[in-house]
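*Asks:* Chains as they are written, first to last, in the working numbering: chain A, 253 to 516; chain B, 44 to 830; chain C, 197 to 351.
If you are wondering where the hints come from, they were derived from the structure by calculation, not from laboratory data. No experiment lies behind these values; they were computed from the predicted model shown. Some hints could be false.
Stated by the list, open to error - Below, in silico cross-link-like pairs of lysine-lysine (DSS-like), each with a Cα-Cα straight-line distance of 25 Å or less:
1. B:632 <-> B:615
2. B:766 <-> C:340
3. B:632 <-> A:278
Claimed, not checked - Computed footprint of chain C on chain A; a stretch qualifies when at least three of its residues, placed anywhere within it, have a C-beta under 8 Å from a C-beta of chain C:
4. 283-294
5. 351-364
What the hints assert, rightly or not - If you anchor each label on the Cβ, the simulated ranges turn out as follows:
6. B:775 <-> A:492: 51 to 57 Å
7. B:351 <-> C:313: 56 to 62 Å
8. B:747 <-> C:201: 22 to 28 Å
9. A:265 <-> C:206: 33 to 39 Å
Virtual Cβ for every residue (Gly too), placed ideally from N, Cα, C.
Residues per chain, in single letters:
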Amino acid sequence: MEDFAFHRPGSVAEAQEAVRGTEDSKFMAGGQSLIPLMKLDMAAPPAVVSLAGLDELRGIAQQDGSLVVGAGMTHAEVAEAGEVRGSIPALADLAGGIGDPQVRNRGTLGGAVAHADPAADYPAALVALGATVVTDRREIAAEDFFLGMFETPLEADEVITSVRFPVPEAAAYSKFPNPASKYAIAGVMVARNNGQVRVAVTGAGLGVFRASAFEEALSGDFSASALDGTSVSTDGLVSDLDASAEYRAHLVGVMARRAVEACG
Amino acid sequence: MSETGIGAALLRKEDRRFITGKGKYVDDINRPGQAYAYIVRSPEAHASIAGIDASEALKAPGVVAILTGADMAEDGVGGLPAGWGVLFQDGSPMIEPAHPPLVVDRVRHVGDQVAVVIAETRAQAKEAAALVEVDYQPLPAIAGLTQASADGAALVWDEAPGNICFDWGLGDEAATNAAFESAAHVVTLDLVNNRLIPNAIEPRAAIGDYEVTDDSYTLYTTSQNPHVIRLLMGAFVLGLPEHKLRIVAPDVGGGFGSKIFHYAEEAIMTWASKRVQRPVKWTAERSESFMSDAHGRDHITHAELALDAEGKFVGLRVNTAANLGAYISTFGAAVPTFLYATLFSGCYTTPAIFANVKAYFTNTVAVDAYRGAGRPEAAFVLERLVHKAAVQLGIDPVEIRRKNFIQPDQFPYQTPVLLEYDVGDYDGTLDAALELADYDGFGVRREESAAQGKLRGIGLSTFVEACGIAPSAVAGALGARAGLFEVGHVRVHPTGSITVFTGSHSHGQGHETTFAQLVSDRFGVSTDQVEVVHGDTAQVAFGMGTYGSRSIAVGGSAIYMAMEKIIEKGTKIAAHLMEAAVEDVVFDKGNFTVAGTDKSKAIGEVAFAAYVPHNYPEDLEPGLDETAFYDPKNFTFPAGAHIVEVEIDPDTGVIELCGVSCVDDVGRIINPMIVEGQMHGGLAQGIGQALLESCVYDDSGQLITGSYMNYTMPRATDLPFFKTGHNITNCTHNPLGVKGVGEVGSIGVPPAVINAIVDALSSAGVEHIDMPATPERVWRALQDAKA
Amino acid sequence: MPTVSLTVNGRTVEGEVEGRTLLVDFIRETLGLTGTHVGCDTSQCGACVVHVAGVSVKSCTMLAVEADGAELTTVEGLASNGTLHPMQTAFHEHHGLQCGFCTPGMMMSGIDLVSRNADPSEHEVREWLEGNLCRCTGYHNIVKAVQAAAAEMGG
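Input sequences plus hints: build the corresponding full structure.
*Replies:* Dropping the structure here:
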């Protein structure tokens, strides 16, 4: 790992100034994605600017039928917060299944969303729930946010401040993890809101995607059996040592069914 | 039995330092003025080296030296030796290429050692290593057995045509072929024994520390056998006499075989510390361990079992291709031969057996012993065949085994594959396992699973293994290049406390407790009065170390024999003190008593007299300090019956382990708590092999599974509580009656797991599945069977 | 070079570090507390688990500079005045360790679990330990030890 300057700003504005001060600097919240990359020499920013502990990024609040979660909330906090469990239990369950307990004690919502790992769990939640990523300068709908492998529209000095999740009528997340890495081989969140059904799939492709065939079937009949006869195409699905595209496609179907069943 | 004697489930003496964070593992040790080493490793699977340019690297901050194979050759450093030689079937010796610790002109696997960079800090050494320019000229790579054995395959070693290291046979080929010709049934199976990476949680480390004032060396190393390292490195690699070479293997964080071998890094650090006149410390990164620790298993086998019309086994024929990797590691040649094919009788009376093993070189990391070392491979072949035979012939899997078991009155039993078993009770062990597993209730449980849409199966494995290695003459006749005795040195101190110096090593096995229990039992003292010392060649005169489940059988017996010498001498001293005839004095539980009287002397009093010999036998030397070298008469033969029950979700292929029930005959149990712990650990590794673990190279020899991100290590969520039990028949040929337990789990359970899965999937028409039986493999097997 | 100041096992310590210095290396090399171990390089094995600000974290996946001003507890800080922590006692009494290398991290992880769940089930313990690898014990006695410690700690 190369050395770098470490900045600990007292506010988002200070953080942004620090990032602008050195080319190729990176923000770091919990460090659970960035530090492993730096240890593998797959990232070597000359400066790292910490977003940890900034009050502006903390908090969970209800807002007009949506749950607003601060970008600085750790996965453990999201999993255990009464407000989350009370309004979107599927979100609490998903957060509680990210990585392992120690990763969850440090990793943050904002960090995970900004990192946009194609096998991470949060992207499925944001897309299925029709969430909005709120940054210091704009709001970006989830479906416009995850552009591919580790790719988002964020600018270099842009900071996610919170994510706004509309509270659904029903939602559930079902994940088939890679037994070694615990990332999703296929993770499906199903959410129903105002008659509209979204089915978001992470881990199976090169980025989170919506399974439109499943959404159509479930819009008509929100039950697992409605998915009989539908499937996702293997096109665009990953085939690697961990799982073939064919198996992933199959798992997407199984996880979708289970998520629907878990919606009750 | 005293409270702390044989059979007591005594809590461990060694725990204190581990639970308080005061263990002393090699990376915890720092030597004054030490420099740090980083090894430059090959990114190529096979390449010649046209040149090494370290000029830029030498300018990097903190660099002390950069050394290569050429520097080693100049100093006359020898190659890492193979500790076991195997012959071709025609009697010619195996092909044994040179194995320099730092390569000279060719790299032969990804990770092969090319140069060592020594700097003031670890980070500086690593950064400078990236600046070392090596001109690799890639050569065709042989990535595995299939490539190695293909017609016209490129050669890993020019001196090994067909990439064959040896083509070895065991058994009576003619008798076996004849048995097959006249057999009523033949069951055939092709199987793979998957390549594994031992992955002890402590990475390997070594500190070389040269002392200029007396031209001596100390090597701190993560080893299971410091004396073996001293022998191999001193005699064959660095040309150093024993009295100038001290090896310290302090606390070691797990070995499982992977820390037996004399590794390049040990020689490099020892040698380099003299070159730079400073201690040199190296610690492997985990991804580095993946490409430099010896791997395990990696066989492709075609096996056949011949049976008569009633289902009695009349012949076994096995053809195995075994991957040795790019180099012959210390025990590498023994694992797929004498630790493998000699187990092909298993529990059974099969009269005719022939095994042919072709060992291949490939451009992969060297393969050597890993928990079980050859015996898991043998048990897997045998028990999968037996399961298939039961299915094919329509015989109950329990009955087919009973029908073929060696019976108690047949011991000692000479197998057709060299080994003579001393004692066993295979029916009794199986009975106990069937009860533990509630085997009779399985049918009902299967129906309940089916009602939920799940597939349930149950699988057996009855096996024998050979451990407690080994009788030196036998081992030598089979190709071992060292003796395999063990040393026990018992010192009774003047005021009665006792130190035991053992050539065995403890890296999780709890010897500091169990060996103290041996002394407690025999001498009638508390284990609090006994200290067990191991791991330092300066303190322990000699030893062969811990592997092959040999410590209690061989190391423990050596201690027992040393204690016998103490008692013999003590008897003479006590007789003198009590003015009795030596033959009238009996020793029991710490007291020397004149038979038929109440005159007695405690061992403490006798010890004191020995060191303050004011009233003492004239013809006897003072002191009470004895050493014994114990050379076992035979291997020991633990046996077991493992029963695994699985429930499979056909939707995903996910396997749930509903029951892992294992009854083992490990001979006399010294500490049941520790024995159970060893069973658990072995079972976890065996289940890891069966369901989760696989070391994968791609076709160009690149190591694909290079970290825990894609090499699946068993976690707590992958395993159930284990049910274990015992059916003991004491070993007949060592003084303690012990057999050994460390490896039975990893030997016995994999075929039980696969047999259970095949049983569960049999209704869907699936006959075999290879390890690891991952969910995707299971799902595919079901899809393929539907098609 | 940045300086960090933190409380480790109840004592204030200070040290010079680089930005890239991992917390585990600061603990092991600068502070000389070698009870916290390094077993992998992909943040998975858990041999490095310590407590920072009262929760378990992987010290190999934290920078020393991130711990500036924080309260850190390592395995060396578990016993108090020579009295072992119930988790340490439980691991000893239930034979929850063999080679001992994963043990500090296991115990630190277990203590975090029990602080949130006073009576964890077998399943809950196993799930919690997803970030802790052991190669020796098969986890059987580790699970028993954690449950026993929980009972002792007031569950």
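*Asks:* Which earlier hints can't be squared with this structure?
*Replies:* Hint check: 3, 8 fail, others pass.
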